[in-house]
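K.L.:
Could you put the whole structure together from the sequences, leaning on the hints where they help?
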Amino acid sequence: MSFLDEARALLADFPVVDGHNDLPWALREQVRYDLDARDIAADQSAHLHTDLARLRAGGVGAQYWSVYVRSDLPGALTATLEQIDCVRQLIDRHPSDLRAALTAADMEAARAEGRIASLMGAEGGHSIDNSLGALRRLYALGVRYMTLTHNDNIAWADSATDVPAVGGLSAFGREVVREMNREGMLVDLSHVAATTMRDALDTSVAPVVFSHSSSRAVCDHPRNIPDDVLERLPANGGVAMVTFVPKFVLQAAVDWTAAADENMRANGFHHLDTTPEAMKVHRAFEESNPRPVATVATVADHLDHMREAAGIDHVGIGGDYDGTAFTPDGLDDVSGYPNLIAELLDRGWSSTDVAKLTWQNAVRVLGAAEDVARDLRAKRGPSNATLEQLDG
Amino acid sequence: MAELQDELHATAEVGELDRPVAWPEAESLDAVETDLGTDPLEQAHAFLAGHPVADGYSGLPWALRHLPWFDLELGESAVDTDVPRMREGHVGSLFWSLHLPEGLAGDRAVGATLEQLDLVKTVVHAHPEGLRMAHSAAEITDAQYCGRVAVLLGPAGADALGDSLGILRALHTLGLRVLTLSGASWASEAGLTRFGEEVLREMNRLGVLADLSGTSEATISRALAASKAPVLFTRSAAWALRPHPANLPDHVLVELGAAKGLCLVPLTAEQAGPSVRDVADHLDHVRALAGAECVGLSGTYDSGAAHPQDLADASCYPYLIAELFSRGWPETDLALLTSGNVQRVLRSADFTARAAQQRREPSTAKIAELDG
Numbered sequence: 015m016s017f018l019d020e021a022r023a024l025l026a027d028f029p030v031v032d033g034h035n036d037l038p039w040a041l042r043e044q045v046r047y048d049l050d051a052r053d054i055a056a057d058q059s060a061h062l063h064t065d066l067a068r069l070r071a072g073g074v075g076a077q078y079w080s081v082y083v084r085s086d087l088p089g090a091l092t093a094t095l096e097q098i099d100c101v102r103q104l105i106d107r108h109p110s111d112l113r114a115a116l117t118a119a120d121m122e123a124a125r126a127e128g129r130i131a132s133l134m135g136a137e138g139g140h141s142i143d144n145s146l147g148a149l150r151r152l153y154a155l156g157v158r159y160m161t162l163t164h165n166d167n168i169a170w171a172d173s174a175t176d177v178p179a180v181g182g183l184s185a186f187g188r189e190v191v192r193e194m195n196r197e198g199m200l201v202d203l204s205h206v207a208a209t210t211m212r213d214a215l216d217t218s219v220a221p222v223v224f225s226h227s228s229s230r231a232v233c234d235h236p237r238n239i240p241d242d243v244l245e246r247l248p249a250n251g252g253v254a255m256v257t258f259v260p261k262f263v264l265q266a267a268v269d270w271t272a273a274a275d276e277n278m279r280a281n282g283f284h285h286l287d288t289t290p291e292a293m294k295v296h297r298a299f300e301e302s303n304p305r306p307v308a309t310v311a312t313v314a315d316h317l318d319h320m321r322e323a324a325g326i327d328h329v330g331i332g333g334d335y336d337g338t339a340f341t342p343d344g345l346d347d348v349s350g351y352p353n354l355i356a357e358l359l360d361r362g363w364s365s366t367d368v369a370k371l372t373w374q375n376a377v378r379v380l381g382a383a384e385d386v387a388r389d390l391r392a393k394r395g396p397s398n399a400t401l402e403q404l405d406g
Numbered sequence: 014m015a016e017l018q019d020e021l022h023a024t025a026e027v028g029e030l031d032r033p034v035a036w037p038e039a040e041s042l043d044a045v046e047t048d049l050g051t052d053p054l055e056q057a058h059a060f061l062a063g064h065p066v067a068d069g070y071s072g073l074p075w076a077l078r079h080l081p082w083f084d085l086e087l088g089e090s091a092v093d094t095d096v097p098r099m100r101e102g103h104v105g106s107l108f109w110s111l112h113l114p115e116g117l118a119g120d121r122a123v124g125a126t127l128e129q130l131d132l133v134k135t136v137v138h139a140h141p142e143g144l145r146m147a148h149s150a151a152e153i154t155d156a157q158y159c160g161r162v163a164v165l166l167g168p169a170g171a172d173a174l175g176d177s178l179g180i181l182r183a184l185h186t187l188g189l190r191v192l193t194l195s196g197a198s199w200a201s202e203a204g205l206t207r208f209g210e211e212v213l214r215e216m217n218r219l220g221v222l223a224d225l226s227g228t229s230e231a232t233i234s235r236a237l238a239a240s241k242a243p244v245l246f247t248r249s250a251a252w253a254l255r256p257h258p259a260n261l262p263d264h265v266l267v268e269l270g271a272a273k274g275l276c277l278v279p280l281t282a283e284q285a286g287p288s289v290r291d292v293a294d295h296l297d298h299v300r301a302l303a304g305a306e307c308v309g310l311s312g313t314y315d316s317g318a319a320h321p322q323d324l325a326d327a328s329c330y331p332y333l334i335a336e337l338f339s340r341g342w343p344e345t346d347l348a349l350l351t352s353g354n355v356q357r358v359l360r361s362a363d364f365t366a367r368a369a370q371q372r373r374e375p376s377t378a379k380i381a382e383l384d385g
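Protein sequences appear in the order of chains A and B.
The first sequence lines up with residues 15 to 406 when you count with my numbering.
The second sequence lines up with residues 14 to 385 when you count with my numbering.
Any given hint could turn out to be false.
Unchecked claim - In silico lysine to any residue, SDA-like type, Cα no more than 25 Å apart, as pairs:
1. B/379 / A/40
2. A/393 / B/84
3. B/134 / A/40
Derived by calculation from the structure, the hints in this document are not laboratory data.
P.N.:
Put into structure tokens, the structure is as follows:
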């Protein structure tokens, strides 16, 4: 039996819990939620990384659908509710493939039924508009993790990709983490500054997650996790879900992206500008400087290191599909997970190790957050602290 | 309303045999109705015990938002509504308004509405002996059988929608059952726009009742025609008796009666008048024009409005019912007034929603596409 066959057999028993998929945002941007125009029951490989057939082929058993909204526009809360509505519609439209999941028990039930457990994660604290009441209502609507920031700082937390402002979490930021613990919403530390990661680990009494982050020791990019933080995961009980985005995982791609951005700025464009003139400059750069390509092995290198630093009980997978323009060779879309598992088996990972990576760790973490929440809810009422009160 | 039994039965003394527990004699509705006495106030109390009031509008959530400490269970003098006074007034269920003060618009309104929803859930959760959340007519009845006052969510202001049907669905998921259309750009003087009609259709599909108090006549007649479920006026009295912008002219009351909607008469001095008799006059008028099936009560307590004499807080409903008794309202009409009609529109909205969901997908219409 080849490693790939073995991988598929393993995934049939312990399917992938993927920490981050931006399908809702892609549907919002491409077709304004016209779910007939991008029917995921049909082949969408021309437009999306994700559709039902490819999720099945990839051995996906649970998906945290990201209800991400941009942090640089007003109306984040409004847009987040629309994203949540989109996920609920997807679940309603495909009842034989998707099942709404709110708890670890729901995830297990979905696995037993052969459906894909569908969870929601909010990406960025801007989604709650500085309101703990709104945070609790997002939980009531089914959101089960919140990434504390996206690419920009928010008033109460520093992002990995912005200039340091509050130096981690502010007092209100710590209150947000405590309230998330009380609700049972996982604290997601992808995208945040290392200072914020450490503050959150100091504050949280529940396990944390990194919904889509890789290792900084393997590839030095601020979106990745430093070793000292990975080493704290055994004590915390959390899980770091490796991401595939080439410009975070491959050093050559990091350098190439930096050079490409610099070239854009030198030509008078913002580095994220996608207007036709800007893209012309970008394509010219790409022609003379071929884009480095990440592979399955690149991602496996990260997992080997993360396993070394955090332990086999604290690693997982968060592909960031439909949230990234480029993907590694062999991990081109959501059908690619078996290739990654085959590579790990080839490197000597046991079937027990793989089961922890794909399924068990992520399910355990959500269950642990529920236990902590039950405990805390018995001890204290909901907090209505405000940003003004705590950060003045 | 069934009362809570604190203790099932006392333990027997040592040495004494357990005595068989006597079952209280079964209380039938007939027994209540035939034994009402002759004093109107006694009659009212006895009647209300079997037909508790469904109050269509309470401003309590915003009033509580700014109280640093309160206890509705033991009685709270800072507000007009608490559990002891609701028991005294025979309030069986009430709609907690999520309306926001003016000036909170746009994304701020969406966030503030979520906070209000959160506050209601927290407050109800903190008073498990007195209050219980309800989302349907059946849950109201359940709550009453358990001796709890049922709390329903709504109306919320149209601002809370942020002009997005996705947010409407999210708010419905969080428990919202009534939405006020007035103030929306799509329900103006000119009537409902195309997007406004789509909002109404989506509300029908979900089972969210439309509250038309304060909307223009053009909007009212369009909504009456377009809505598959009955519409509500959560705070409207009779224009003929008191010309107030939110009160309804006679021909609208007739139209409402034909459409089997529901006009909830507010117990406020501004809209109804300064005395119990004035409120009763409005109820008489609405009943005469729209019919007994289309009139209900809206306490409007804790909303900042002044109330008629003798109707100062949630404990005062018996005075009003006594007045109606002395005016010769039959018990069947009173039963419709206090809660039957609210039950009917809630059931009807649920029924419409179930039927519509077979037929319609969630609407993805955008205001810019339909009204742009």
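K.L.:
Next, verify each hint and record whether it holds.
P.N.:
Outcome of the hint check:
{"no.": "1", "hint": "B/379 / A/40", "result": "holds (18 Å)"}
{"no.": "2", "hint": "A/393 / B/84", "result": "holds (19 Å)"}
{"no.": "3", "hint": "B/134 / A/40", "result": "violated (33 Å)"}
Consistency note: the structure conflicts with earlier hint 3 alone.
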